[in-house]
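Novice: Add chain Y to chain Z, keeping to what the hints say.
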Amino acid sequence: MAAGFSSPTAKLLGIAPIPNFLDKRLIFVTGKGGVGKTTVAVAMGLRAAAAGKRTIVCEVAAQENASRIFDHTQVGFHEVEMEENLWAISIDPDESMREYVLLQLKVRAMRDLLFRSRIFNYLAAATPGLKELVTIGKIWELAQLDRKVKSGRKYDLVIVDAPATGHGIGFLQTPRTFAAIARVGPIHSQAQQLDRLITDHEHTGAAIVSLPEEMPVNESAALEHDLRSEIGVAVDRVYMNGLYPERFSAEEAERLAGLATGEDGATRAAARAALSEHGRARSQRAQLARLRRRVETPVKALPFLFEPDLGVEAARQLAKRLH
Amino acid sequence: MPAVDEILTGKRICICAGSGGVGKTTTSAAIAMGMAARGLKVCVLTIDPAKRLADSLGLKQLGNEAKQVGPELFERHGIEMEGELWAMMLDAKATFDELVARQAPDEESRDRVLGNRIYQQISNALAGSQEYMAMEKLFELHTEGRFDLLVLDTPPTRNALDFLDAPKRLTQFIEGRSLGVFMKPTGLAARVAGRGASVALSVMKRIVGFDLLADLAEFFNAFSGMVDGFQERAKRVNKLLGDPSTSFLVVCGPQGEPIDEAVYFHRKLVEAKLPFGGVIVNKVHYPAERLRGDGADLPAALAERLGDEELAQRVAENFADYQALAERDVRNIDRLAAELRTKGVIRVPYLDEDVHDLAGLGEINRYLFASSAEREAIAAGRA
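Residue numbers (my numbering), protein chains in the order written: chain Z, 1 to 323; chain Y, 1001 to 1383.
These aren't lab readings, by the way, just hints derived from the structure by calculation.
Bear in mind the structure is a predicted one, so any value in this text is a computation, not a measurement.
Yeah, the Cβ is synthetic: ideal placement off N, Cα and C, and Gly gets one too.
A portion of the hints provided could be inaccurate.
Unchecked claim - Per label pair, the in silico range of CB-to-CB distance: (1) Y:G1229 to Z:P303: 48 to 58 Å; (2) Y:L1351 to Z:S249: 19 to 29 Å; (3) Z:G76 to Y:G1242: 30 to 40 Å; (4) Y:R1267 to Z:R293: 38 to 48 Å; (5) Y:E1327 to Z:R111: 21 to 31 Å.
This is chain Z alone, in the form it adopts within the complex (with noise of 0.2 Å):
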């Protein structure tokens, strides 16, 4: 049974073939803070499990996002079932951490005398980059077809909503900065085999989620080129997110501004509006044009929401949309 909220996935069927980039197993979606990396991985997410393919969200911080967006569904440590085909999970540091040292320490009392010794907590709270690389162990583990968590669910994709750009980079980086570190025993050759998760383009891809303003633009750029040269994973899709429609003609925008500063309320406050989108959709093209030049990976346009809230109707036609 879904415990989000009914509804017919079926009406997603038919319409324009799923990207091929979803046929891959494990995909990252990142972006700058505040482009809607959480709808359109969510929009993905409606996107595959549509088409059949058994789908799960994960959410990497402590805000759960992705829950917001299902209705408030408590997303918590575990796989809840959103839709038919699609779930939800909260990736917890701590949790993860946890559930990693049951799986290493088959023994209870041994396992026991770790959780309550004070210098294990320590150094589990204390060590640099140790959350995200827990974390990224327990993705690893949600995209093994043989799950290593008992009565583990098989699913054929796995979608992170990952830590905005600053911090994405280094997150990404975690696994092979620890194998480095490491040198040798466990944890090198765990943290080398998550590396090899991350770069292995056969499997897993990485989509960008950007904005047609400046800033949004200049670090996509930059945020290409290091996930592609520093990390090496494979860099899919760029999402240009939020494109107005373009409403009106140069023409027409001209014809407007007479009426702009007219008196009327309504009629000169409607011109008004007419003109803001105008201009903003011509940057906005702008600023995709500058995009488009600068970075390899396809950029495909993904339209604003004139809705009050991104909540999960925005996600399902985002998803429509998806190319």
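Specialist: Just chain Y now, kept in the frame of chain Z:
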């Protein structure tokens, strides 16, 4: 809600906080410029300004040192500048290195830390060090006392708490020297640590590996000579954050999620007894003049003026979409004001042009530094 200059009267530090993508960098730069224009010597510490913003400030090679923005630039843009505007871009790695160099008791311990592989990794790559270093640089500049006002554009942390916790976490992380004691449980240390610790350690060796534990111990050990210095410093940073001469401005956007985060952040500030100054909402869609009478008349009225029914229809639809966004913004801002128990918030409208130059900052300052009455008048004029 008073204007920004009233909020910041007599303040030495202004911290702009909020989630990513709400225009914090631009707002910080605008506030710094506005306060400098009013006669203060101001420095804005920013994390990652858009290149064009840095260019427009004439600060192409913005680095870990404060640089003054050329006064002639303001003149060229017709901006009256009575004070000085300085800016610097935070370089977390360089700041960390400087901090270590300053805190190290001698050259040998300094080199041991700077040369440690774990240190090199965390100061370069791993998430989290930016927060520590933003606080550190702020403290350093404050102590030097070269500026009347420091404006900090906080790092785009996912979780606002990360930022507030930074000094505490720095101390905690430095305290890892205890690991070194546990790694070599001999003599007094062994008696203090006891048998429990050494068993736990052997379990840890099994799942983590001896090498990594040894490296960690070495890493924490290398810092051991600096623990007291760091702790003292973190304490003073915390004190500075809570000082009445510091003011936190919460920056957000008008959508539901940024508003929720602003409410949450405000609550955390109050809980931590940190001085909240005010809240700034960026990119607000102002409600245009209300439709008179029946809104359905608008397409007809437009068609009459334009002589084009199809165009009139599109203009009316577009207007309805904008009005819906404006109404959402009003609802969200009302909710924000109620939650924060404040009469008003400082609103900056969604400007038609993306802001990335001095003229744009000047435009924003018309709102940030306007009295309530002026702001309403401007809003009405725009509508």
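Novice: Next step is simple, just say for each hint if it's right about the structure.
Specialist: Each hint, compared with the structure:
The given range of 48 to 58 Å is respected by G1229 (chain Y) and P303 (chain Z), whose C-beta atoms sit roughly 54 Å from each other. Between L1351 (chain Y) and S249 (chain Z) the beta carbons are some 23 Å apart, a value that agrees with the proposed interval 19 to 29 Å. Against the hinted window of 30 to 40 Å, the Cβ-Cβ separation of G76 (chain Z) and G1242 (chain Y) comes to about 33 Å, which satisfies the hint. The given range of 38 to 48 Å is respected by R1267 (chain Y) and R293 (chain Z), whose C-beta atoms sit roughly 44 Å from each other.
Roughly 55 Å separates the CB atoms of E1327 (chain Y) and R111 (chain Z), a value that falls outside the hinted 21 to 31 Å.
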